[in-house]
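J.: Sequence:
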Amino acid sequence: MQLDKNELWAGTFHGRHDGAPAKVTATLDDTRPDPYVWACTCGASRSFPTQDGVFDTAWRHTHPTRFDRLRAWAARLLRTRATR
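Here the sequence shown stands for residues 223 to 306, where the numbers follow the numbering used here.
Honestly, the hints are just simulated from the structure, not real lab data.
Hints are not guaranteed to be accurate.
Label-pair ranges, simulated between beta-carbon atoms [what the hints assert, rightly or not]:
{"hint": "1", "residue 1": "L250", "residue 2": "W295", "range": "31 to 41 Å"}
{"hint": "2", "residue 1": "N228", "residue 2": "F289", "range": "32 to 42 Å"}
{"hint": "3", "residue 1": "L299", "residue 2": "P243", "range": "23 to 33 Å"}
It should be emphasised that the depicted structure is a prediction, and the values quoted were computed from it without experimental measurement.
Glycine included, each C-beta is placed from N, C-alpha and C at the ideal position.
My request is simple: use the sequences and hints to build the entire structure.
T.: Put into C-alpha cells, the structure is as follows:
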C-alpha cells in the first residue's frame, strides 16, 4: 500500500482471514473528516474520528476470534439463501 504525502503511517498488522493472508495498514491524515483509517489488502477499510478503536479493530480483522468467524459464516449463509 502506497501512502499519500499527507498520510502518516500508524501501524501494520499481518494475519489471516477467510483462509487468506491479510495485511492491514493504519494511517493518520488530518485532512480527512475521520483522520484515523485502516485499510486491508482484501479491500476492507474503516475510519475513526479518534485513535480509539483503530488498532483493536485492525487486529481483530487480521486475527478474528471464533465469534467473528461464526458471524462471518452466518452472514455468508444468509446472503446465499437470499439470492436463491
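J.: For each hint, tell me whether it holds in the structure or not.
T.: Hints and how they fare:
1. At about 33 Å, the CB distance of L250 to W295 agrees with the hint of 31 to 41 Å.
2. Evaluation of the 32 to 42 Å hint for N228 and F289 yields a pass: the beta carbon distance comes to about 37 Å.
3. In this structure, L299 and P243 meet the distance hint of 23 to 33 Å, their C-beta atoms being roughly 24 Å apart.
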